[in-house]
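K.L.:
Sequence:
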Amino acid sequence: MRVPKYIKIKRHLCILILVLFSCSNHLFAQANELQLARQYMGNGEPQKALDIYQKLYRQDNELYYPQYLNGLLGNKKFDDAEAVTKKMIRKHPEDSQYKIDLGAVYTQQGNTDKADAVYTDLIKNLPANQNEISRLAAQFYQNSNVDYAIRIFEQGRKILNNDALFSFELINLFRYKHDKARLTEEYLNFLPANPVFINQAENMLSSVYEGSEDYDILRSALLKKIQKDPQQTIFINLLIWQYLQQKEFDQALNQQLALSRRQNDDGNGVFELCRTLTNNNAYDAAIRGYEYVISKGKENSNYVPAKIELINTKNLKITSGLYTQADLLGLEADYKQLLTEFGSNRGTVFAMQKLANLQAFKLHKLDDAQALLEKAVAVNGVRSSLLADCKLDLGDIYLLNNRPWDATLLYSQVEKDNPNTNVAQDALLRNARLAYYTGDFNWSRRQLDVLKAATSQLIANDALNLSLLISDNLAADSSGAALKMYARADLLIFAGQTDKALLTLDSIDKKYPGNALVADILMAKTKIRLQQKDYANAVVLLKNIAEQYSYSLWADDAVFMLGDIYEHQLANPTLAKTYYQKIISDYPGSLWLNDARKRFRVLRGDKGEAL
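Those letters in the sequence shown? Residues -31 to -1, 1 to 580, per mature numbering (1 follows the signal peptide of the UniProt record, and there is no 0), in order.
Misleading hints may appear alongside valid ones.
What the hints assert, rightly or not - Have a look at the derived ranges for each label pair, beta carbon to beta carbon:
1. 311 / 186: 45 to 55 Å
2. 469 / 274: 32 to 42 Å
3. 445 / 385: 29 to 39 Å
4. 165 / 294: 45 to 55 Å
To be verified - With a straight-line cut-off of 27 Å between C-alpha atoms, the simulated BS3-like cross-links for lysine-lysine are:
5. 265 / 286
6. 46 / 56
7. 127 / 149
8. 267 / 194
9. 283 / 344
Calculated from the structure, these hints are not laboratory results.
Even for Gly, the Cβ is constructed at its ideal location relative to N, Cα and C.
Please model the complete structure; the sequences and the hints are all you need to start from.
P.N.:
Quick look at the structure:
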């Protein structure tokens, strides 16, 4: 009797379902066994895990070979591991992974000669195929054998007769090994054909180099390269970077000047380098560079920017260090010459502002400064932020020129014109200080209380300190007589009249003995010492506050300032770290806490958790 076709199909489907179900159950069982083996390994029972791996391996050599091999090695059954690996080599002679595994077995067994023989044979029979070479090197790397991965790439270069191949791979391997010499050499071979990677090279080298000796090696290698190929500018640019890392700023500028002269360019490279020099306080070198750019003539596109930056750099040099009256007058003449050459317009208002500040606070030419800023704020088209700064500075000069009413009008105008900004908060703080300077303490305190919640931490901190200064001293003396005298001294400090300020501060105790301003007077004297760059005496005063008046409102400021001075002025990072840590441990409510944490971590050299 003939079986209908649909019955045959149905039978086939049933058989297929039974087969699939059986396979599914089998795979599920194997997965469970694998999980059990991992649990045994985690529980410190490697032999039980190996028994399971062996059972699975016998069921499927290909699939469970890696687990079985690792289990054998973990149980130090090296002979079995060797036999299993050789079996796979015979089965797959073209697959280099099994030969690498055999070398790993010999290595763990302590038989490095046999391992080297296996690996050397692989290198000798390396195919002339870039992809195959990369694959084999990757297999060595995945087996934590970086040295042979490097040898594979180097042999591959020889076979393919191309020294430019595998540069990225070798750079990463040398970095992984922390092999500074070979990493440097590889980059010097790679960069001439790939100059766009110079920033990557600089970042990587700086992350690997550990001190001046490493940079010296780079410099020697670069000088040799430049001698062989003086037209290769990438080496000169890298040499300039090396000098900057070593803080040899004059040498960096000399190289950039030589390159500019050789190329007879517009000096743009010199101009950009000078910005870096200025940021690193290498003012003399920056001035020399800007003067070179200016010497290329008015037709040069960098002429005007270089003129401006030259004066700004001279300003920074003078106002950030010890200077003579002649230095100040020379800088004033430079600003005047700039304004004569380019006129008073919205493009030169910044220079008018800087000149006015120089005249007011360093040369004490208040009338000249006032006239110049009044002219500046009348210029049309000035950007709003610069205009606001000029008005605030003009308000300060009105205050110093005994015109407090005009000063407060300007401050209020800036506050109104720039709502909900840091500029508005700055204007409000200046108004509050004006009231403090003139003895209107209650009005000043009301404004300061508003500013305690300022978005700018610096403004909030200044407002809090001044508010507490007023409150504490009025509580001790409701007349505020001693505080008024102290406020006059504070105004003299602001005006840069430090000698008169010191005389006034020293007179407070004589006129009002037993006043509550001892710590405040010490901090005021500290400000004067800092203006004079007298860091040694500033440290003495700050330590007095921190140790003798640790309860005062200036205590945490004094501790943080000590850290800052030791870090940036006295080059003593160890002591700086000590004071930042003191803020963290002793003053958890300080507004300096976050800054102290950040600086402490930087000096500690890590990104550890907050203390």
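K.L.:
Does each hint fit the structure? Answer for all of them.
P.N.:
We went through each hint and held it up to the structure:
1. 311 / 186: 45 to 55 Å: 48 Å, holds
2. 469 / 274: 32 to 42 Å: 40 Å, holds
3. 445 / 385: 29 to 39 Å: Hint holds: Cβ distance 36 Å, inside 29 to 39 Å.
4. 165 / 294: 45 to 55 Å: 50 Å, holds
5. 265 / 286: 24 Å, holds
6. 46 / 56: It holds: about 16 Å lies between the C-alpha atoms, which stays within 27 Å.
7. 127 / 149: Distance of about 23 Å is within 27 Å: holds.
8. 267 / 194: Violated, because 36 Å separates the two Cα atoms, which is more than 27 Å.
9. 283 / 344: Distance ~24 Å between residue 283 and residue 344 Cα, so the pair holds.
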